[in-house]
Amino acid sequence: MADLSEADRLAQETWLQRTIRRPEIGSFIVMVVIVVVLTWASSGKAFNALGLKNNVQIIAQYGIIAIGAALLMIAGEFDLSIGSMIGFAGMSMAIMLKWGLPFGLGEATPLTALLITMAMTLTLGWIIGNIVVKSGLSSFIVTLAFLFFMRGVTEVSFRLINQSTQVSGLPDYKEESWVAWVFGGEVFGWFYDAWFWIGMRFVDMGFERTDQWFTLGGNINRRGTQWVEGFDARFLWFILIALAAYFILSRTQLGNWIYATGDNKEAARANGVPTNKVKIGLFMFTAFCATIFAACQVFENNTSDAAKGNLMELFAIAIAVVGGTLMTGGFGSVLGVVFGAITVGLVANAVFFIPAIDGAWFRVFLGAILLAAVFANERIRKRITGGI
Amino acid sequence: MAEPYLRVEKLVKRFGPFTALGGVDLEVYPGEVHALLGDNGAGKSTLIKTLAGVHEPTEGQIYIEGKPVQFRSPRDASAAGIGTVYQDLALNQLMSVTRNFFMGRELKKSFGQLDLDKMNQIAHDEMLKIGIDFSDPTQAVGTMSGGQRQTLAIARAIHFGAKVLILDEPTSALGQKQQMGVLKTIKRVRKRGDIAIIFITHNEIHSRLVGDRFSFLALGKVIGAGTSDEISDKEMRRLMSGGAEMGDLEQELAAI
Chain A
1 MADLSEADRL AQETWLQRTI RRPEIGSFIV MVVIVVVLTW ASSGKAFNAL
51 GLKNNVQIIA QYGIIAIGAA LLMIAGEFDL SIGSMIGFAG MSMAIMLKWG
101 LPFGLGEATP LTALLITMAM TLTLGWIIGN IVVKSGLSSF IVTLAFLFFM
151 RGVTEVSFRL INQSTQVSGL PDYKEESWVA WVFGGEVFGW FYDAWFWIGM
201 RFVDMGFERT DQWFTLGGNI NRRGTQWVEG FDARFLWFIL IALAAYFILS
251 RTQLGNWIYA TGDNKEAARA NGVPTNKVKI GLFMFTAFCA TIFAACQVFE
301 NNTSDAAKGN LMELFAIAIA VVGGTLMTGG FGSVLGVVFG AITVGLVANA
351 VFFIPAIDGA WFRVFLGAIL LAAVFANERI RKRITGGI
Chain Y
389 MAEPYLRVEK LVKRFGPFTA LGGVDLEVYP GEVHALLGDN GAGKSTLIKT
439 LAGVHEPTEG QIYIEGKPVQ FRSPRDASAA GIGTVYQDLA LNQLMSVTRN
489 FFMGRELKKS FGQLDLDKMN QIAHDEMLKI GIDFSDPTQA VGTMSGGQRQ
539 TLAIARAIHF GAKVLILDEP TSALGQKQQM GVLKTIKRVR KRGDIAIIFI
589 THNEIHSRLV GDRFSFLALG KVIGAGTSDE ISDKEMRRLM SGGAEMGDLE
639 QELAAI
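Those sequence lines, one after another, are chains A and Y.
Residues in the first sequence are numbered consecutively from 1, following my numbering.
Residues in the second sequence are numbered consecutively from 389, following my numbering.
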């Protein structure tokens, strides 16, 4: 049969070949290279107790919004309003906590501030999504408009209500509110307890230098005490969002709809996929991720200002692309985006561990791997679609 | 004579002042291939879009198994058993065969989780029934040939309950060998006996190879119809050229 022989032209692959052809492989290799180089160049400081905590902090920050941006990109749309959404959500929560709930509803608690803010940002995401799908305009332009609009609203609200573009000196809500603690507290304390315990066993055996590496993060004055208690809570949020996104995208009907919507919208619609609902839902998801990002910032530091989240939308999109997400939609993986977030986060922080280098090199590096990633992704797309 | 599964009576479709279909009659029987021929602009696309529920007819009536029906959306038509395989096939190239097969109609376990094993199995079996043994249903559609994609789209329409299969120029964008593959697929579907096929083409040879019944459209009207025995090759060529006599055309060409 003629068609039979044609199907056989697709070569059977071994496990190794399949692994190498996975879409995440590029971002994985880059990540491994960065980890090795950074460990070497910082003499291990980047991954001592404090270094790891700091690195994970920025990786989780980037990761939370990059996963939102990546899912939306797979469905074929962009969201440039993520950064302004972070600023807006942070402003909203901080002002409510300082000046009380709107319409004279009394004092705000972390829970009410978060819920009201989340309701507003999800509504904004819903509005953006509806404008994009109903008008058929490019999401690039629509969300660019919201980038300016919401940053402006954030600043104006700060000045009108707070007389200053900054809220600081809020009480530390983590003490009494579990909501604040869930966003601003510390998680996985057992990891550092174990780390410290192992370090002390080395000290017992007489290895003084390992004591420093395991317990101090380089701070000589605090020798012998465990002073890194755990990771920032956003690490847990990053893990939760990544797991949920991975499950939805690769294992559920909704995931199939997201891919179908981004690949060929008309084909998806002809088969009964509610493409508009998928897109609106994902615009709401990026708004959700931005709000989680902002909540972690506000409840960790008990401050907020009008510039929070600036440029974050571009980092989110860059990380999604470095993680193997196609700009044109229809293709991408959550695992790749996680690798991308680790890579970009580590390089963004590298200057703290290698003081000799200029911090601006980070942007040089990001630009370079972004370009390389776009070319690599295009090659993957051509290979899958047979060169069209 | 058995009852036609789908019958169209005096179908008229106007777009503003433009009459795309000017009273079309059509009968489609299970287990038969009804070839719908006509030049570009004859109204073939408007006719199938009306049957598929994309357009609502201005006048006239569609009957399914003798009962009058009205389609307000493609979903209505598909629920009534009309499966349309468009020229672009409504496939997503970057997605796997299985994910395309079940696009929009996924099989779910609890929590909306996909039943991928079962989906792979069904996609493989359904395609095997009409002629392609596809060893790996997880490969992307982009790696398939045009003929294989056509088969995938047809198998999908049949699996989801199509009783009338509308094939919109399935052979037009393919190479010779793949065209034959698609014709074989059409024959296999016909052999099942329970599915009526509307085969749209402007290739008279292809229609002659698989068609049981013919309708010729020109300028929105049926200018000739009949079974394969009733229509001679010469008559077919005359009708294909929109009703003009071949002799006249030859004279016109010679005069230039």
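For the record, the hints were derived by calculation from the structure and aren't laboratory data.
Be aware that a few hints might be false.
Stated by the list, open to error - Sample of chain Y residues with no beta-carbon within 12 angstroms of chain A, all distances over it, derived:
1. 397
2. 405
3. 429
4. 440
5. 448
6. 468
7. 478
8. 480
9. 504
10. 616
Said to hold, decoys possible - Computed list of lysine-lysine pairs in DSS-like fashion (alpha-carbon distance at most 25 angstroms, straight line):
11. Y:551 to Y:437
12. Y:398 to A:277
13. Y:551 to Y:517
14. Y:437 to Y:506
15. Y:437 to A:134
16. Y:506 to Y:565
17. Y:497 to A:277
18. Y:572 to Y:517
Even for Gly, the Cβ is constructed at its ideal location relative to N, Cα and C.
List, from low to high, the hint numbers that the structure doesn't satisfy. The structure breaks hints 4, 7, 8, 9, 12, 14, 16; every other hint is satisfied.
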